[in-house]
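**Student:** Next come the chains, spelled out residue by residue.
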Amino acid sequence: MLTIEGLKKTYAGRAGSEAVRALKGVSLRVKKGDFFALLGPSGCGKTTMLQCIAGLETPDDGRIAIGGSPVFSGPERIMEPANRRGLGMVFQSYAIWPHMSVAENVAFPLQRQRPRLSGGEIARRVREALAMVKLGQYADRPAPHLSGGQQQRVALARALVHEPRLLLLDEPLSNLDAKLRDEMRVELRQLITSLGMTAVFVTHDQVEAMGMADEVALMREGQIIQMGSPKDIYLRPISAFVADFMGSGNLIPSKAIEQRGASVLLATPFGDILATNTGDVRVGEEAILVIRPHAAILRGKDAPQAANVIAGKVASCVFLGDRIEALTRAGETTLQVSLNTYHAIAEGDEISLELPPERCLAVKKDGVAVAQPAGRAPETAP
Amino acid sequence: MTDAALSASTPRPRVSAKLFFADPRFARILLLLLVAGLVLGPVIVLVRASLAPAGMLPFETSTITLDNFRQIFASPDTLQLLWTTLLYAAASVVLGVGLAIAIAWMTERTDMPGVAFIRVFMFSWMAIPPFVIGFGWILLINPGNGALNVLLRNLFGLDRPPLTIYSFWSLVIITAFSVIPTAYVMFGGLFRNLDPQLENAGRVLGGDGFTVARKITLPLLTPGIVSVGIFMTMIVIQAFELPFIVGLSAQIRVLSTRVYLLAAPITGLPNYGLSSAFGVFLLLLAGLLMLLYFRMVGAGDRFRVVTGRGFRPKRIRLGAWRLPVAGLMFFLFVIMALPVAMLVWTSLFPSYRLPSLSALGDMSFANYARALGTPFVRQAVVNTILLVVASATGVMLLASLIAWFSVRDGGKTGRLLDMLSFAPTAIPPIIMVISILLVYMRTPLYGTIWILIVASVTVHLAFATRTMTSALIQLHKELADAALVCGASWWTTLQKIILPLVRPQLLNGWLFVAAHTSRDLTVALVLMTSSNVVLSTAIWMMWDFPDLAGAAAMAMLLVAGLLVLVLPVQIMAARDARRQD
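So the sequences go chain by chain: A and B.
Our numbering numbers the first residue of the first sequence as 8 and each following residue consecutively.
Our numbering numbers the first residue of the second sequence as 155 and each following residue consecutively.
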């Protein structure tokens with residue numbers, strides 16, 4: 008439905024500062040009916056990307072095609088303006104026009120349709136769209152008299168009412184409070200998938216991306232680092248950045264010493280560990296061993312010495328109800344582990360941790376700071 | 155945004171009248187050309203004219219000569235002229251700004267009564283044309299039969315008139331009065347936004363009231379006061395009407411009147427070359443002050459005490475001084491209003507009468523009826539309405555387009571548009587209008603009301619663009635983005651989304667331009683022919699004729715019209731301000 012090839016965009020630097028290369032040749036493909044997430048930290052180019060798709064920014068080079076027809080092409084010098092792309096978009100600020108009523112906001116895209124729609128047709132479709140987002144009784148309300156959640160629904164109705172080819176959402180949940188955000192995440196996904204709409208949305212929150220998207224593209228510094236289903240990206244990150252961004256984990260500097268099929272043996276500060284080679288690490292290379300906090304399995308102190316079993320001492324331990332967060336010293340390394348509530352462990356206990364090879368990930372080192380959790384309290388997932 | 159990618163972007167446009175609205179690039183280029191023509195055209199012609207040989211118009215000759223400048227530098231008169239101009243400006247500004255500071259301080263930071271009235275008075279005062287004030291003062295204190303002079307002479311048994319309008323210092327004082335309202339408005343904001351915590355801190359640390367004012371408040375306000383001072387100096391140096399009305403008879407010559415008299419002498423042929431050369435001079439002087447002003451405003455940023463937090467400055471209690479201070483202030487306003495009262499009086503008698511109780515019986519509206527009955531005045535009223543509506547609407551529309559393109563697209567074209575439209579600020583209206591005269595003299599536009607409209611649009615372009623740009627900057631970019639993605643063209647977006655959202659600023663800007671256009675004499679006088687007389691020039695001609703009573707009646711009608719235009723908005727604004735207090 009949406010194809011992007013080699014998209015480039017550079018912002019001229021202001022006097023005294025360097026030009027910003029916001030997009031460095033990005034390619035991706037979104038299937039019809041997919042809910043696609045552009046995920047990344049701020050400044051990674053995801054918003055520029057969305058603006059280029061919408062036609063609000065003009066890329067320097069590359070190609071964008073929607074539904075098979077090109078809307079931008081650097082080589083062929085095509086640039087379809089935003090108002091002729093037939094898209095729907097939900098903005099971060101919602102951009103509800105305060106001088107219009109709810110119904111007038113939603114009617115706006117329909118009034119722009121050519122050939123013109125009849126007044127009755129417009130009224131009917133506005134009613135349907137508002138009913139769809141459960142705002143039927145608010146049609147005549149002035150737009151500023153709405154709560155944040157209601158404004159978001161109006162924005163959604165306005166973006167969907169003209170049945171766009173593609174729906175774009177820019178950080179759609181970031182302006183809502185935490186509880187509402189959880190509700191809307193589910194609702195938004197249900198609504199959009201039930202309409203069979205293809206949607207691209209931008210977010211910096213990996214939980215949001217995983218919770219809503221069929222497919223995620225993780226971006227960094229103007230490039231897509233990894234693309235795939237949320238599960239795939241979480242379980243099979245290719246680099247330390249991806250592993251770190253998708254969720255908390257221990258990143259341990261190590262070195263690949265032996266290839267064993269799809270796995271690789273890593274030399275780590277606490278001994279050799281067999282790990283799944285998701286990052287295509289070569290023997291002899293520096294690598295990062297990723298161990299998610301809940302990947303480790305607690306074994307008794309007397310567990311037999313075996314491969315991927317390490318001995319350690321509980322340095323601190325916090326009981327959080329649904330889990331226990333423990334910092335474990337293994338040699339010079341501190342590991343953050345998340346344990347079942349019903350384990351009885353205490354500070355100072357000698358323990359063994361089994362690290363199953365399929366839960367240990369060997370990824371490329373890519374400049375992400377590998378910090379050791381020191382004496383501080385373990386972080387909870389962001 | 156790369157222009158290369160842009161220029162190639164759209165599918166080949168169908169050539170039609172809709173092109174302007176459909177394709178923003180086309181509109182942007184057209185706009186750029188229009189603004190460049192409006193603003194740069196006159197300046198280029200002015201410089202060219204200043205380099206032309208004597209007696210030649212810029213289009214008639216290809217010779218370039220410095221004769222005009224040589225003549226200026228050779229004349230001992232020039233230094234005198236420059237000195238008078240600077241002294242006149244400095245003295246009026248020091249006096250006017252000083253009074254404005256005192257009034258603004260009293261209304262914003264003390265519990266003086268009558269604050270709302272003063273605010274409305276000050277804002278509305280700007281609606282009264284300076285030349286009308288000039289007429290009023292002439293009627294009050296001319297040495298022959300000035301009403302105040304006669305009154306004082308009778309009261310004290312003097313044999314010589316104690317006051318005269320025709321002196322340098324009279325001109326300075328009258329100009330200072332005209333400086334007060336604008337300066338007051340600028341200082342009001344400054345004082346209102348001064349964070350009282352800065353002063354409180356000084357007090358807590360052991361300073362008494364006077365020490366705090368001297369060591370903390372004054373230094374904090376200095377950059378603001380100096381920049382307003384420079385701004386007002388710029389205005390006074392550019393001012394033409396008061397030096398023209400009052401100064402000419404008194405033989406007080408300043409740059410602006412010299413430029414005018416050379417281009418439109420009372421006797422003899424106009425010397426456009428020399429006039430232009432003086433104009434270039436005045437332009438440089440104004441430009442210099444402008445630069446200085448921006449320097450000062452830049453320096454003011456370091457002292458940014460406008461925090462925008464929702465604080466209310468504590469008002470100083472005047473105690474027993476409350477009423478005397480208020481009395482003094484209102485005495486000043488009475489003096490300021492005196493010339494208007496004098497004109498009202500004059501307008502009510504068929505022939506000029508000194509104010510006295512015995513004259514009351516002869517009062518009538520005959521002058522109004524007589525003036526409105528003449529076709530000449532009727533034509534002037536129609537012309538004025540056309541001029542005001544067309545130029546206010548035109549300039550606000552143009553400014554909206556400029557603001558849209560410069561705020562939204564940024565880029566080179568946007569910045570260029572912004573700069574070009576700001577340039578007229580540094581160009582004194584008298585220079586601008588003489589340049590416009592030179593540009594359009596040979597076109598069919600000359601002599602029609604349309605040349606006045608073009609000139610008025612050019613003169614007010616900077617103000618209108620500033621207003622609309624700051625309004626549009628405050629709008630979230632996504633409001634327009636949303637409309638574009640919904641399928642609206644840039645024109646529909648501007649029309650349906652942007653302009654309705656900035657309607658208050660649009661209306662305020664429109665009223666400001668409308669008021670200033672209708673009260674303006676400078677533009678209308680320079681471009682006047684028998685067929686494009688407007689109210690201000692009609693009043694001037696009646697005054698010059700002389701038909702003092704008729705002129706006074708027309709002036710009062712103009713003032714009344716202006717007040718109707720301006721007063722409702724001001725009263726509403728004052729009510730809002732009081733609600734916030």
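I should point out that these hints are in silico values taken from the structure, not numbers from a laboratory.
Positions of the beta carbon are idealized from the N, C-alpha and C atoms, including for glycine.
One thing to keep in mind: the hints can contain errors.
To be verified - If the Cβ cut is set under 8 Å, some of the chain A residues that face chain B in the computed set are:
(1) Ala-61
(2) Leu-63
(3) Leu-94
(4) Phe-98
(5) Gln-99
(6) Ala-102
(7) Phe-115
(8) Pro-122
(9) Leu-124
(10) Ser-125
(11) Gly-126
(12) Tyr-145
(13) Arg-148
(14) Ser-255
**Student:** Taking the hints in turn, state whether each one holds.
**Tutor:** Verification of the hints:
1. Interface hint at Ala-61 (chain A): satisfied, since its Cβ lies 6 Å from the closest Cβ of chain B, which is below the 8 Å cut-off.
2. The interface hint given for Leu-63 (chain A) is met, as the beta carbon of that residue sits about 5 Å from the closest beta carbon of chain B, less than 8 Å.
3. About 6 Å separates the beta-carbon of Leu-94 (chain A) from the nearest beta-carbon of chain B, less than 8 Å, and the hint is met.
4. With its C-beta approaching chain B no nearer than about 4 Å, Phe-98 (chain A) sits inside the 8 Å limit, and its interface hint holds.
5. Below 8 Å, beta-carbon pairs count as interface contacts, and Gln-99 (chain A) has one with chain B at about 7 Å; its hint therefore holds.
6. The beta carbon of Ala-102 (chain A) comes within 4 Å of a beta carbon in chain B, closer than 8 Å, and the hint placing it at the interface holds.
7. Given hint, Phe-115 (chain A) at the interface with chain B, holds; its Cβ is 5 Å from that chain's nearest Cβ, closer than 8 Å.
8. Evaluation of the Pro-122 (chain A) hint against chain B yields a violated restraint, the C-beta minimum of about 13 Å exceeding 8 Å.
9. Proximity of Leu-124 (chain A) to chain B is violated relative to the hint, the smallest CB-CB distance being about 12 Å (cut-off 8 Å).
10. Contact between Ser-125 (chain A) and chain B, as hinted, is not supported at the beta carbon level, the nearest pair being about 17 Å apart and thus beyond 8 Å.
11. For Gly-126 (chain A), the shortest C-beta to C-beta distance to chain B is roughly 17 Å, which exceeds 8 Å, and the interface hint is violated.
12. Because the closest C-beta pair between Tyr-145 (chain A) and chain B is about 19 Å apart, greater than 8 Å, the hint is violated.
13. Taking 8 Å as the C-beta cut-off, the interface hint given for Arg-148 (chain A) is violated, the closest approach to chain B being about 18 Å.
14. Contact between Ser-255 (chain A) and chain B, as hinted, is not supported at the beta carbon level, the nearest pair being about 33 Å apart and thus beyond 8 Å.
Checked against the numbered hints given earlier, the structure breaks hints 8, 9, 10, 11, 12, 13, 14 and satisfies all the rest.
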